[in-house]
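Novice: Here is what each chain is made of, one letter per residue.
There are 2 protein chains.
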Amino acid sequence: MAAGAGVGRSTAARTLGGYGYVSPDVRERVLAAAERIGYRANALARSMSTGISNTIGVIVADIANPFFGGVVRGISDAAHARGYDTLVLSTNEKLPEEVAATNVLIDKRVDGIIVASAALDAASAAHFEQARDHGIPVVLVDRAVPGLELDAVVIDNRAAARDAVERLIAAGHRRIGFVWGPPVQERPRLRREMVDIAARNLWTDGERLQGYLDALDDEGIVFDADLVMVGEKVEENARVEVRQMLALTDPPTALFCTETDAMTGSLQALRDAGLRVATDVSMIGFDDSSWARVLEPPLTMIEQPMQALGTRAAEVLFGAIDGQEPSVELHTLETRFIERASVAPPSDR
Amino acid sequence: MAAGAGVGRSTAARTLGGYGYVSPDVRERVLAAAERIGYRANALARSMSTGISNTIGVIVADIANPFFGGVVRGISDAAHARGYDTLVLSTNEKLPEEVAATNVLIDKRVDGIIVASAALDAASAAHFEQARDHGIPVVLVDRAVPGLELDAVVIDNRAAARDAVERLIAAGHRRIGFVWGPPVQERPRLRREMVDIAARNLWTDGERLQGYLDALDDEGIVFDADLVMVGEKVEENARVEVRQMLALTDPPTALFCTETDAMTGSLQALRDAGLRVATDVSMIGFDDSSWARVLEPPLTMIEQPMQALGTRAAEVLFGAIDGQEPSVELHTLETRFIERASVAPPSDR
DNA sequence: CTGTTAGCGCGTTCAG
DNA sequence: CTGAACGCGCTAACAG
Chain G
3 MAAGAGVGRS TAARTLGGYG YVSPDVRERV LAAAERIGYR ANALARSMST GISNTIGVIV
63 ADIANPFFGG VVRGISDAAH ARGYDTLVLS TNEKLPEEVA ATNVLIDKRV DGIIVASAAL
123 DAASAAHFEQ ARDHGIPVVL VDRAVPGLEL DAVVIDNRAA ARDAVERLIA AGHRRIGFVW
183 GPPVQERPRL RREMVDIAAR NLWTDGERLQ GYLDALDDEG IVFDADLVMV GEKVEENARV
243 EVRQMLALTD PPTALFCTET DAMTGSLQAL RDAGLRVATD VSMIGFDDSS WARVLEPPLT
303 MIEQPMQALG TRAAEVLFGA IDGQEPSVEL HTLETRFIER ASVAPPSDR
Chain E
3 MAAGAGVGRS TAARTLGGYG YVSPDVRERV LAAAERIGYR ANALARSMST GISNTIGVIV
63 ADIANPFFGG VVRGISDAAH ARGYDTLVLS TNEKLPEEVA ATNVLIDKRV DGIIVASAAL
123 DAASAAHFEQ ARDHGIPVVL VDRAVPGLEL DAVVIDNRAA ARDAVERLIA AGHRRIGFVW
183 GPPVQERPRL RREMVDIAAR NLWTDGERLQ GYLDALDDEG IVFDADLVMV GEKVEENARV
243 EVRQMLALTD PPTALFCTET DAMTGSLQAL RDAGLRVATD VSMIGFDDSS WARVLEPPLT
303 MIEQPMQALG TRAAEVLFGA IDGQEPSVEL HTLETRFIER ASVAPPSDR
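Line by line, the protein sequences are chains G and E.
Position in the first sequence counted from 1, then plus 2, gives you this note's numbering.
Position in the second sequence counted from 1, then plus 2, gives you this note's numbering.
Mixed in with the good hints, there may be bad ones.
You can't tell identical chains apart in this list, so a pair holds if it fits in one copy or across any two.
[Claimed, not checked] Below, in silico cross-link-like pairs of lysine to any residue (SDA-like), each with a Cα-Cα straight-line distance of 25 Å or less:
#1 Lys96 to Gln309
#2 Lys96 to Arg84
#3 Lys96 to Ala343
#4 Lys96 to Pro68
#5 Lys96 to Ala47
#6 Lys96 to Gly40
Since the hints were derived computationally from the structure, they do not count as laboratory data.
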């Protein structure tokens with residue numbers, strides 16, 4: 003490269019790297035030569051010498067999940083605007099894979115990590131300490147990890163769930179099903195057990211379950227374990243569980259669904275039972291999508307600011323990369339309650 | 003690090019790097035020391051000396067789009083299985099951004115690139131030559147680029163569209179709308195113009211439009227430009243355009259939607275017009291989702307193997323990385339036609 | 001089996 | 001303003 007323009011290699015490096023002094027004419031010559039031979043500076047070598055990789059790592063459960071897709075989009079847009087690229091790793095919600103992913107990112111010397119962690123408490127989050135020991139800031143997104151001293155960008159799942167369930171109650175419902183419960187085999191009968199289990203599972207799920215319980219408490223409605231789905235968190239199981247709820251002698255008149263697949267599974271169960279949304283069973287779900295608008299009746303939903311979660315997390319991360327003292331706070335973004343037509347007063351079937 | 007275990011640095015490197023000979027006891031000692039001080043090998047330095055980054059680059063229009071989310075998941079799973087990580091870049095369907103993304107990947111010395119390109123022809127795909135000049139294999143996914151000598155992993159959009167439209171025709175329809183047409187301002191009146199424009203736009207869109215025309219030809223149905231949506235490819239415009247079609251004196255009795263948002267937009271237009279799916283207007287769309295099953299009636303859809311497109315593209319790429327001669331072929335994956343209940347004989351409103 | 005040595009391609013002094 | 005020399009942390013040959 004240097005030879006191509008008839009200058010020393012460091013002069014070439016200076017013009018291409020955009021640092022130090024270079025006379026205009028030499029500059030032109032170098033640029034022309036670079037263009038001519040299709041020269042591209044080796045970012046790896048640059049990173050080695052500067053210690054900056056201009057890459058951030060993102061760890062999520064599943065990039066194919068539209069929610070994470072939105073979050074990652076927000077992150078990568080913000081990163082791109084600052085000249086950073088994004089390495090995305092999926093963990094299938096498995097902690098060991100999350101640890102491995104973190105190590106990969108440490109090895110590749112990313113400048114920062116954003117993670118929607120599957121860790122339930124600080125004790126199972128030692129891998130983030132590792133990253134920090136290597137000078138790599140970490141910020142959590144979508145999920146906080148209780149006890150972990152890390153910035154986290156989240157929504158208030160508990161409040162959003164509570165609000166939704168309270169609206170159901172305000173419409174007159176007292177038998178409200180909770181779909182996407184704790185992934186346990188045995189259904190906990192006691193309310194206390196339920197809370198314990200919620201606290202020992204995925205943070206978002208636990209918070210939403212708590213919000214549901216909060217709303218019941220506020221209105222003095224007694225908790226019934228039969229109205230909480232348990233088992234594997236997949237659409238088919240939601241369908242099965244809701245079908246069972248609907249067959250109860252005192253079935254739910256409303257359903258609160260904490261995720262898209264919980265909603266579609268529930269909808270299938272309604273159809274299986276020959277029941278209609280709103281008229282027979284009221285529904286509210288998390289994560290709005292354009293489909294929710296075209297159903298008949300259109301679905302009342304809680305919208306999460308997916309991209310904003312990502313961009314905000316990136317901003318916090320870049321703050322740390324720029325050397326700001328980590329504030330270690332919970333950055334809470336607003337959800338939006340979108341009222342449509344899937345909630346009506348209970349019917350007495 | 004080396005000092006920590008009391009051995010030479012290359013011995014340490016050998017055990018950690020997993021190459022060359024190391025005696026078991028020394029090996030243990032090194033591993034222990036590494037563990038103790040939380041040592042992690044610098045992958046950047048390794049890449050510099052080996053020329054292998056163990057990273058592949060993926061370029062798509064928008065990682066938040068569930069279709070690309072699925073494709074990327076397939077790619078990253080296959081890559082992960084081979085010890086590679088994935089750098090994902092979104093281009094917003096803009097060619098200049100795609101060129102910039104390619105350059106970033108070249109700079110970072112990725113070992114291969116998979117791209118859903120926005121390029122319409124070989125002439126606008128010089129950036130891939132650049133990558134190849136740097137020894138980086140490129141494989142296309144989701145979209146072929148006519149005239150470009152590159153492997154491409156796609157589905158047969160034209161055949162799938164043709165098949166779907168023929169089924170509509172078989173059900174008795176002769177007025178069939180095409181939703182998600184060419185993004186032009188002025189509606190082309192002539193069939194020939196329409197074909198020309200289709201060929202000059204996004205490959206998948208053009209192929210699907212061709213398939214639509216093929217089906218009409220087969221059955222001797224005369225093409226009517228008024229039944230093809232034009233303008234910006236966003237849900238709201240689909241709604242507007244379909245509303246106009248429905249207001250025609252001889253309106254469509256069936257709609258073929260080439261994408262999710264085209265489908266939801268069309269569904270909104272039907273509702274605006276007080277029309278029902280199947281009973282009043284039959285519908286078939288691309289890209290199945292769990293929502294399509296819970297609509298009433300459930301939607302007949304064409305399912306694309308999103309993840310398989312990704313994994314297959316990765317396999318082809320790794321073949322090239324392993325030094326196989328590029329076969330330069332079109333790898334075509336099967337779509338699945340999912341018959342549900344949104345197609346019925348035409349009604350005479 | 002192990003230590004030594006020479007690059008990989010940059011950024012960064014430091015003379016000139 | 002420009003060129004030469006060194007180091008980033010690792011792999012790859014090569015002696016020992």
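Novice: Which holds for Lys96 with Pro68 at a C-alpha limit of 25 Å: within a copy, between copies, both or neither?
Specialist: So Lys96 and Pro68 pass the 25 Å test inside a copy (19 Å) and across (22 Å) alike.
Novice: Can you give me the call for Lys96 and Ala47, within, between, both or neither, at a CA distance of at most 25 Å?
Specialist: neither (34 Å within a copy, 29 Å between copies)
Novice: Is it within a copy, between copies, both, or neither that the alpha carbon of Lys96 lies no farther than 25 Å from that of Gly40?
Specialist: between (43 Å within a copy, 22 Å between copies)
Novice: Can you give me the call for Lys96 and Ala343, within, between, both or neither, at a CA distance of at most 25 Å?
Specialist: For Lys96 and Ala343, neither the intra-copy (37 Å) nor the inter-copy (38 Å) Cα distance is at most 25 Å.
Novice: With identical chains, the pair Lys96 and Gln309 could be close in the same copy or across copies; at 25 Å between alpha carbons, which is it: within, between, both, or neither?
Specialist: both (24 Å within a copy, 20 Å between copies)
Novice: Is the C-alpha distance from Lys96 to Arg84 at most 25 Å within one copy, between copies, in both cases, or in neither?
Specialist: Answer is between; shortest inter-copy Cα gap is 19 Å, intra-copy 31 Å.
Violated hints for the displayed structure, listed by number in ascending order: 3 and 5.
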